[in-house]
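Add chain U to chain C, keeping to what the hints say.
Line by line, the protein sequences give chains C and U. Position one of the first sequence corresponds to residue 81 (the working numbering), numbered consecutively onward. Position one of the second sequence corresponds to residue 55 (the working numbering), numbered consecutively onward.
What the hints contain is simulated information worked out from the structure, not anything from laboratory work. Honestly, I wouldn't trust all of these hints.
As the list claims (entries may be wrong) - Here are the simulated BS3-like pairs of lysine-lysine, each with C-alpha atoms no more than 25 angstroms apart in a straight line:
1) U:K121 - C:K106
2) C:K255 - C:K309
3) U:K119 - C:K323
4) C:K200 - C:K258
5) C:K323 - C:K234
6) U:K121 - C:K200
7) C:K106 - C:K91
8) U:K119 - C:K156
9) C:K106 - C:K234
10) C:K323 - C:K258
11) C:K200 - C:K255
12) C:K323 - C:K156
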Amino acid sequence: MSPSEDGHTRKLEEIARTLADAYVTKQAVPPPIQSHPELTIDDAYEIQMCQIRERLVEGNLVRGYKVGITSVAMQKMVGVDQPDFGHLMRDMFHLEHMPIPAADYLQPRVEPEIAFVMGKELSGPGVNVAEAIRAVDFVLPSLELIDSRVENWKIGIVDTISDNASSGGVILGSKPTKLDGVDLTTVGCNLTVDSQLVATGAGSAVLGSPINALVWLCNTLGARGISFKPGDVILPGSITVAKDVRAGSVARAEFTGLGSVTAVFS
Amino acid sequence: MTWSMDSIATEVLACEAERREREPFTDEWEDMTLWEGYAVQDEALRRRLARGEHLTGVKLGLTSKAKQERMNLTRPLLGWLTDAMILPVGTPVSASRFIHPRVEPEIVFVMGRDLVGPGISAATAMAAVEWVVAGVEIIDSRFANFRFRAPDVVSDNSSSAAYVTGGIALRPDQIDLGGEAVSVEIGGQIVDSATGAAILGHPGEALALAANQLAERGLRIHAGQIVLTGGMTDAYPVPAGAQLAFHFAHLGSIHIMGGE
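Okay, chain C solo, but in the shape it has when bound (with noise of 0.2 angstroms):
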């Protein structure tokens, strides 16, 4: 390693150890982007490995991934052209209609997604629709609990990677249902926080279909040499706007066939 490629790693790992800090402090950070502009997406998925291979270290598990930025308004908002993608660790999973202490995270909001379990292993790249929809084992109502590290979540699309894509935890619904006879692209979702009805809308939201964004997922990490195993949960993206929560609140999202899902928040 040449000496500016050594300052360059330690840089990223700086940027890595800020963030990571930030999840123990509770006090959100200035985006990395302020005081690092040459960052680049490359540079911003390194710095979120970083904070894997250490929470890896520490004995956690990586039980699956979530795609976001997955809907044209927020490519739009952000400025890209393509998705982006976390990792949800097994310390991420919440269960529904327990408590999740909201002072665990900084700035947290609910997002309403049609979660997939895979059931085979998939290795990208070159995964088409076809081959994905077979290796799904079935789709689960779920919410993510997206957060961000990051002040008032002035985040670019360098800042969100490296902040772990903003993930923050998973609740997952408990009625499973298999893929054969489901339209994901009409399947309707109603979020409502606090028994008020905050958004709605339909699975094509999702890049066109929730599928879509699990192929692009695949395939974007095959080329890092990453495949899908059995029982790893997908998040695809959300269907709705994302809605703040707080302690106190009741999330709830109802996706039309495939049943609901419930967070609270004390």
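Only chain U this time, still in chain C's reference frame:
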């Protein structure tokens, strides 16, 4: 100029016929009320019928919270529909016919029985519905930049311009309208989506509201008429050459093209 309900009715019909946009009447008549707006709307309807148009039903506007917030109005609005506004499926939305048309997906009811307020609930309202179909409403405010206050937009027949209805009709007990999804496709890309719950929680609530609100003016919804329950998503511009499609989960798709 001092406006009267009569002269406003003349002006809104002229603006529509000449594709002419104008400034809000409330700029000049500041204390114009919503009820005066409805009186104008009813007078303009009388003139439409006198010139040979037929009443086909009622539309609701601003039934979603997002739209109410954007327009800074808190009460859903009613407007009249006539046969001159029917756009057969496949007909392009012609730029030469409208001022600044926008299109939005709606759940449409075909009434099997008269619905007479007051005191109508969503449940009793739904009992009067014979069929549910998909619809796309073309709205076209006669006010420049869609700038108006409630009495203005009401006097302008709540921006009604034209409507398309879909080809799949379901009985109301065969469809979960609160969970019925629609996807908005523009140029092949899905840009927006919503469900029927975006309409006041359920389109049946909008129907009940329409019946009760009409009753305040001694009016009712008649058997055989249709009711457009309000935009489920934002309204989207439809310039010449535009290709839009609205895909409903169970009520089929409606394609809209922008024409010259």
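Hinted pair, alpha-carbon criterion (25 angstroms max): K121 of chain U, K106 of chain C. Please report holds or violated. Not OK: K121 of chain U and K106 of chain C at ~36 angstroms, beyond 25 angstroms, violated.
For a C-alpha distance cap of 25 angstroms, please report whether K119 of chain U and K323 of chain C respect it. Holds - the C-alpha atoms of K323 of chain C and K119 of chain U are around 15 angstroms apart, at most 25 angstroms.
Would the pair K323 of chain C and K234 of chain C pass a check requiring their Cα atoms to be no farther apart than 25 angstroms? OK: K323 of chain C and K234 of chain C at ~16 angstroms, within 25 angstroms.
Take a quick look at whether K323 of chain C and K258 of chain C sit within 25 angstroms of each other, Cα to Cα. Roughly 28 angstroms separates the two Cα atoms, so the pair is violated.
Are K200 of chain C and K258 of chain C close enough, with their CA atoms no more than 25 angstroms apart? The hint holds at about 14 angstroms.
Please work out if K323 of chain C and K156 of chain C have their alpha carbons no farther apart than 25 angstroms. Distance ~19 angstroms between K323 of chain C and K156 of chain C Cα, so the pair holds.
Against the 25 angstroms threshold, does the CA-CA distance of K119 of chain U and K156 of chain C hold or violate the hint? This hinted pair holds, its Cα atoms lying about 24 angstroms apart.
Is the Cα-Cα distance between K106 of chain C and K91 of chain C 25 angstroms or less? Roughly 22 angstroms between the alpha carbons, so the hint for K106 of chain C and K91 of chain C holds.
Is K200 of chain C within 25 angstroms of K255 of chain C, Cα to Cα? holds, 20 angstroms
Taking only the CA atoms, is the gap from K121 of chain U to K200 of chain C under or equal to 25 angstroms? Violated, at roughly 45 angstroms.
For the pair we were handed, K106 of chain C and K234 of chain C, check the Cα-Cα distance against 25 angstroms. Given that 25 angstroms is the threshold and the Cα spacing comes to 16 angstroms, the pair holds.
Below or equal to 25 angstroms on CA atoms is what counts here, so check K255 of chain C against K309 of chain C. Since the Cα atoms of K255 of chain C and K309 of chain C sit roughly 21 angstroms apart, the hinted pair holds (cutoff 25 angstroms).
In summary, the numbered hints that this structure violates are 1, 6, 10.
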